[in-house]
Amino acid sequence: MEWLGFVNYAVFMAIFIGIYALLALGLNIQWGYTGLFNAGIAGFFAVGAYTSAILTTPFVPGRVGGFDLPVPVGWLGAMVAAGLIAWPIGKICLRLRSDYLAIATIGVAEIIRLVVKSEGWLTNAARGITNIPRPFGDLAYTMSQLAYLAIVAGVLLAAYLLVERQFASPWGRMMRAIRDNEDAARAMGKDVPYRRLEAFIFGSALMGLGGALFVHFNRTITPEAIDPMVATFLVWIMLILGGSGNNRGAILGVAVVWIIWSVSEIVTDRLPHEYAVKAKYLRVFLIGLMLQLVLRFRPEGLLPEPRGKGRRPEAAAQGARPPAASD
Amino acid sequence: MGAMEIVNFYLVPGIVVGSIYALGAVGITLVFAILRYAHLAHGDLATLGAFLALAVVTLGGVSPYVALPVAMAVTAAVAVGIDRTFYAYLRERPKIVTVMASLGVALMVRAVVQIVWGVDSQTYTRGIVRPENWFGIRIRDRELITVLAMVGLVVALQLFLKYSKWGKAMRAMSDNPDLALLSGVDNRKVVLLTWTIVGALCAAAGVFLGLNYELKAMMGWSMLLPMFAAAILGGVGRVEGAVLGGLIVGIAEEMSALVLPTEYKAATAFAILLLMLLVRPTGLLKGKVL
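From first to last, the protein sequence lines stand for chains A and B. First residue of the first sequence: 2, per the numbering used here; consecutive thereafter. First residue of the second sequence: 214, per the numbering used here; consecutive thereafter.
Derived from the structure by calculation, the hints contain no laboratory data. Where a beta carbon is used, it is the ideal one built from N, C-alpha and C, also for glycine. Careful, some of the hints might be misleading.
Claimed, not checked - Okay, the calculated bits of chain B under chain A, using three or more residues with CB under 8 Å as the criterion:
1. 248-258
2. 308-316
3. 321-327
4. 398-412
What the hints assert, rightly or not - If you only want the chain B side, here are some residues facing chain A, beta carbon under 10 Å, derived:
5. Phe299
6. Ile445
7. Glu476
Unchecked claim - Label pairs and their in silico Cβ distance ranges:
8. Ile260/A to Tyr278/B: 46 to 56 Å
9. Lys499/B to Ala126/A: 39 to 49 Å
10. Asp270/A to Asp388/B: 46 to 56 Å
11. Leu491/B to Ala126/A: 27 to 37 Å
Just need the whole structure built from these sequences, with the hints factored in.
Here is the structure:
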């Protein structure tokens, strides 16, 4: 029994690693390859989660939804919805420096949280949406978990291969050119805001897909399920630690940070209650400190971005690199 | 609804909360213009200032107005310390990396507040304060003091920036950093001074927010968006613009309750922010666009 419990826990962790890996891949498109600062990851995640939940749940009186559509349609819908939210924000902010995008995405996440909490007709407010179908959810517990892990792994592999392919293509080269020297890229005739918008929407859609995968795993969703700051920040530290600009690094970072994060939770949950609450915040403090240490001592992450021939060595040493350092 | 009700229930609270936003927005605009990045830990630094004042109030048994200068001084020191420990070594790197570091600092500062003071709402003083009646306009003492303190602090800051040697150095760094450095302005002193002022203003914003509402760990973070909206609305780098922006955002938030469900009060600041970025990123008073 002890053994089975351990397997179940490992599978549970692996599924979460897969979901977070999708978020980290999405962020890698935005930050790692394009230098866009998205501080509202949790918002896009929530949009994806709720969209897929609304599309695939059976009919319930009192709220929109109950379309009872197949799960893959829900996932597609999640990606489209997250992309649609990203479009106007990107359109407005991407002409300006990335600082403005950071502020605006914090706002987006906040507004989405408000909508989710107060629009009962859409999201059932605080009671949340339940009875969300899970593919192979009828099997016994362990088998069902394993089946879902296989699905998550499949989706992640597909996303990884597509993103890798995209960045090996001329499009990826152009994106890196825009990130590393915006002025030069513009002088070469690249439409910088438009290309950034592409990357922003593409990354946000992947985050929406991550949310959809989460909601079908969890089977219910309430506004409390998403702690905007911690979720967003965890994805950031995963990407920076793993190595921004490197998709394998991103996934490695997810695994490392998620294992540290959840194992430390097991440890702190064993403490007496009055310490357990404080320990929870201590973990948040330490994860913030970890970001500072990585930025200081290993900005390029565990697996640095692969550099082609003929690159300037100082550019390779720069790490965690965003748009032009001119100012 | 008569004009008096609108003034009493919407305009007065709007001006009060707007003054609090203004205090924060001035700090944001200084960091944005002089150090050239968006400082995302600004709200949580204000939270820290508010709780430091609470510590002084509970330990010393003094009024929050006495605790205010203490909290401002300590928060200023904390802000300088944060800059030295976490931001200073990122100065040569692209500025957006510092923005990221400040997001981490925001989380760390909030975690410290949650560990030390817990997560329950607290207040400086107990009991309900009845508003005084000034020719039909009802204002509480603390509301009057909030607005007056904001005006006093901003006027003092403006005089300092305009006439003192180091104030001029700060403005020079904001207008043209290369030229300022060539003219012999000591960058390290300007940074130190900026963080001292910004930290103190943060604490003032936090204390007045706690005084008029209540103290909780998320109070500063929820103020971040209105503060940024105010700084951008007024024009980045313009202190008087930040004050104007703060007041507009505050009044707009309170007035929005007339037409929108109150849950969406917080959306007003976001709408103003996006609108300004769309039509006039330089802000009302022609600030800079980074």
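Structure-based check of each hint:
1. Given a C-beta distance limit of less than 8 Å, the hint that chain A covers the region 248-258 of chain B holds, as 4 residues qualify and 3 suffice.
2. Evaluation of the coverage hint for the region 308-316 of chain B: fulfilled, as 7 residues show C-beta separations to chain A shorter than 8 Å, against a requirement of three.
3. With a cut-off of 8 Å between beta carbons, the region 321-327 of chain B has 5 residues touching chain A; three or more are needed, and the interface restraint holds.
4. Judged by the Cβ-Cβ criterion of 8 Å, the region 398-412 of chain B is not covered by chain A as claimed, because only 0 of its residues qualify and three are needed.
5. A distance limit of 10 Å between C-beta atoms decides the matter here; for Phe299/B the minimum to chain A is near 5 Å, and the interface restraint holds.
6. Taking 10 Å as the C-beta cut-off, the interface hint given for Ile445/B holds, the closest approach to chain A being about 8 Å.
7. For Glu476/B, the interface hint holds, the least distance from its beta-carbon to any beta-carbon of chain A being 4 Å, beneath 10 Å.
8. Distance hint for Ile260/A and Tyr278/B: a CB-CB separation of about 49 Å, consistent with the stated range 46 to 56 Å.
9. The hinted range of 39 to 49 Å is satisfied by Lys499/B and Ala126/A, whose Cβ atoms lie roughly 43 Å apart.
10. Taking 46 to 56 Å as the suggested C-beta distance range, the pair Asp270/A and Asp388/B conforms, at roughly 54 Å.
11. Between Leu491/B and Ala126/A the C-beta distance comes to about 31 Å, which sits within the given range of 27 to 37 Å.
Hint 4 from the list above is the single one not met by this structure.
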